[in-house]
Amino acid sequence: MKTDIQIAQEAQMLPIKEVAANAGITEDDLEFYGKYKAKLSEDFWDKIKDNPDGKLVLVTAINPTPAGEGKTTTSVGLGQAFAKLDKKAIIALREPSLGPCFGIKGGAAGGGYAQVVPMEDLNLHFTGDFHAITSANNLLAAMLDNHIQQGNALQIDPRQVVWKRCVDMNDRVLRNIVVGLGNKMDGMVREDHFVITVASEIMAILCLADDLQDLKRRLGRIIVAYNFNGDPVTADDLQATGAMTALLKDAIKPNLIQTLEHTPALVHGGPFANIAHGCNSVRATKMALKMADIAITEAGFGADLGAEKFMDIKCRKAGLKPDAVVLVATVRALKYNGGVAKADLAEENLDALKKGIVNLEKHIENIQKFGVPVIVTLNSFITDTDAENEYIRQFCEERGCEFALSEVWEKGGEGGIALAEKVLNTLENKESHFHTLYEDELSLKEKIEKISKEIYGADGVVYEPAAQKQITKIEAMGFGEFPICMAKNQYSFSDDAKKLGRPENFDIHIREVYVDAGAGFVVALTGSVMTMPGLPKVPAANNIDVSEDGKITGLF
Numbered sequence: 181m182k183t184d185i186q187i188a189q190e191a192q193m194l195p196i197k198e199v200a201a202n203a204g205i206t207e208d209d210l211e212f213y214g215k216y217k218a219k220l221s222e223d224f225w226d227k228i229k230d231n232p233d234g235k236l237v238l239v240t241a242i243n244p245t246p247a248g249e250g251k252t253t254t255s256v257g258l259g260q261a262f263a264k265l266d267k268k269a270i271i272a273l274r275e276p277s278l279g280p281c282f283g284i285k286g287g288a289a290g291g292g293y294a295q296v297v298p299m300e301d302l303n304l305h306f307t308g309d310f311h312a313i314t315s316a317n318n319l320l321a322a323m324l325d326n327h328i329q330q331g332n333a334l335q336i337d338p339r340q341v342v343w344k345r346c347v348d349m350n351d352r353v354l355r356n357i358v359v360g361l362g363n364k365m366d367g368m369v370r371e372d373h374f375v376i377t378v379a380s381e382i383m384a385i386l387c388l389a390d391d392l393q394d395l396k397r398r399l400g401r402i403i404v405a406y407n408f409n410g411d412p413v414t415a416d417d418l419q420a421t422g423a424m425t426a427l428l429k430d431a432i433k434p435n436l437i438q439t440l441e442h443t444p445a446l447v448h449g450g451p452f453a454n455i456a457h458g459c460n461s462v463r464a465t466k467m468a469l470k471m472a473d474i475a476i477t478e479a480g481f482g483a484d485l486g487a488e489k490f491m492d493i494k495c496r497k498a499g500l501k502p503d504a505v506v507l508v509a510t511v512r513a514l515k516y517n518g519g520v521a522k523a524d525l526a527e528e529n530l531d532a533l534k535k536g537i538v539n540l541e542k543h544i545e546n547i548q549k550f551g552v553p554v555i556v557t558l559n560s561f562i563t564d565t566d567a568e569n570e571y572i573r574q575f576c577e578e579r580g581c582e583f584a585l586s587e588v589w590e591k592g593g594e595g596g597i598a599l600a601e602k603v604l605n606t607l608e609n610k611e612s613h614f615h616t617l618y619e620d621e622l623s624l625k626e627k628i629e630k631i632s633k634e635i636y637g638a639d640g641v642v643y644e645p646a647a648q649k650q651i652t653k654i655e656a657m658g659f660g661e662f663p664i665c666m667a668k669n670q671y672s673f674s675d676d677a678k679k680l681g682r683p684e685n686f687d688i689h690i691r692e693v694y695v696d697a698g699a700g701f702v703v704a705l706t707g708s709v710m711t712m713p714g715l716p717k718v719p720a721a722n723n724i725d726v727s728e729d730g731k732i733t734g735l736f
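Reminder that position 556 of the sequence shown reads as 736 in the working numbering, one-by-one numbering, no gaps.
Just so you know, not all the hints are guaranteed correct.
Quick list of in silico lysine to any residue cross-link-like pairs, SDA-like style, CA-CA up to 20 Å [claimed, not checked]: (1) K268 <-> T206; (2) K549 <-> H615; (3) K429 <-> Q393; (4) K633 <-> L617; (5) K534 <-> Y671; (6) K630 <-> R691.
Pair by pair, the computed Cβ-Cβ distance ranges are [stated by the list, open to error]: (7) E728 <-> E692: 48 to 58 Å; (8) V342 <-> E621: 21 to 31 Å; (9) G519 <-> E601: 32 to 42 Å; (10) E601 <-> T652: 49 to 59 Å.
No lab work stands behind these hints, which were simulated from the structure alone. Quick reminder that beta carbons are idealized off the backbone N, C-alpha and C, glycines included.
Work out the full structure, taking the sequences as your base and the hints as a guide.
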């Protein structure tokens, strides 16, 4: 059996200008990054902005397990399937982070015969967007420390610096560091921290900004520290905004690549959904809606994280309205939720399936809370049995969901036609009554508790004293109407990663709350979730190499 990277490397890609031409994009609208990658120019948006919007389909999933779910694979395969049905579809995805690429997950370009290519480029440096975000983030950090060193005219309290440096790598030793060691000219000694680039507020800003000017305004509002009076100090106060914008002026332009079957794919931005808001850029999604009859996008991790944030943050901020949601599951993952060990998932086990399917049930209920029709798809494995598939089909249809098997990993677009037809049927016959979960006017604690109780199924919320004080200050500063971005582990509805299925009788524990004033939301950290992940004992990087002829191996 071929690996994903073997399939991708054997693919016959079209020059990106041909893929673009098939989507109605002229060569003048492209900024080329080699033969197979391009950015869409600012002028292109002006040409299409008055086009009617197509339908918006969100792909999400149950909670991830070691058995794998295949959300991106499904998104890519669905786009390819629509093309086979002569429907004009565009896929809008996030860019992968180097952290999981070298850590535990591997690449993130889809899988099998439902991938976007060039796969190696996408998973590594791509068009440099993440490098630009990292540079802008760390420029702001450098200017902050330099300001303190050079007289501190803004009276910044070094004990209240909240801006963290970032790097796009899992590096746990950087979570808590000390900077300024050495002599007096090396800066003021203080405790500092790193986050992974995908958790940087600048990543969120890039993905929520409407255009370059909006990006610049949002960057200027970033709160980097507080002064000795307790008042916020911003990037504008440090006069860092212009230089940061200069670093990001190309990164804000969406990237165009292709699937294995030459379907256009816009891949842009990449915040994680467990520690950030988990959605690709608003610009790419809006472009896809103007370019196609159907725009397919995805939200990270399970629907309790990515889909909730897509609805309550991205759609709220950008005025988007999803027309349907595809919820991805696998027989293997549901049995894992039912208590089956990973080594035994290939065996038929209807009892475990019945125990584990409660995870899928809760995700269905959650999406229905937003008023959007749901299509459940099973990402098919050869070990799945007819009895298992039939049980899940009946379970879903009894709950008002369309259901389809997906075989896109094995068959590409052809294997997604059944799913595509179910999606089309839903778009044509079921109306979306989309609404957000909560109103802007609720207090921050009311929003946190609504998400915790209604989406996670918690009995209540427990706040650390520090978190309570932070909420009080954030609301006093005028940010109480912001939506909430919950930072929570991705494996469980609870804040305990070991509680699988549909946990009951638990509380959500909030240990820290802070405002991302530029992005426009408030982050609530739960449990032990980290904004800087670490590498596992045996990282994926151990198996990545380059052959004598320059081919990358082991990437996925």
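Against the structure, the hints:
For a cut-off of 20 Å, the pair hint linking K268 to T206 stands: about 17 Å separates their Cα positions. Between K549 and H615 the alpha-carbon distance is near 8 Å, which keeps this suggested pair within the 20 Å criterion. Between K429 and Q393 the alpha-carbon distance is near 10 Å, which keeps this suggested pair within the 20 Å criterion. Between K633 and L617, the direct Cα distance comes to roughly 12 Å. Compliance with the 20 Å bound is thereby established for this hinted pair.
Distance check on the hinted pair: K534 and Y671 sit about 19 Å apart at the alpha-carbon level, within 20 Å; holds. The suggested pairing of K630 with R691 holds, with an alpha-carbon distance near 17 Å, which does not exceed 20 Å. In this structure, E728 and E692 meet the distance hint of 48 to 58 Å, their C-beta atoms being roughly 49 Å apart. In this structure the supplied range 21 to 31 Å holds for V342 paired with E621, their Cβ-Cβ distance being about 26 Å.
Hint check: G519 to E601, Cβ distance near 34 Å, so the stated range 32 to 42 Å holds. At about 52 Å, the beta-carbon gap between E601 and T652 stays in the expected band of 49 to 59 Å.
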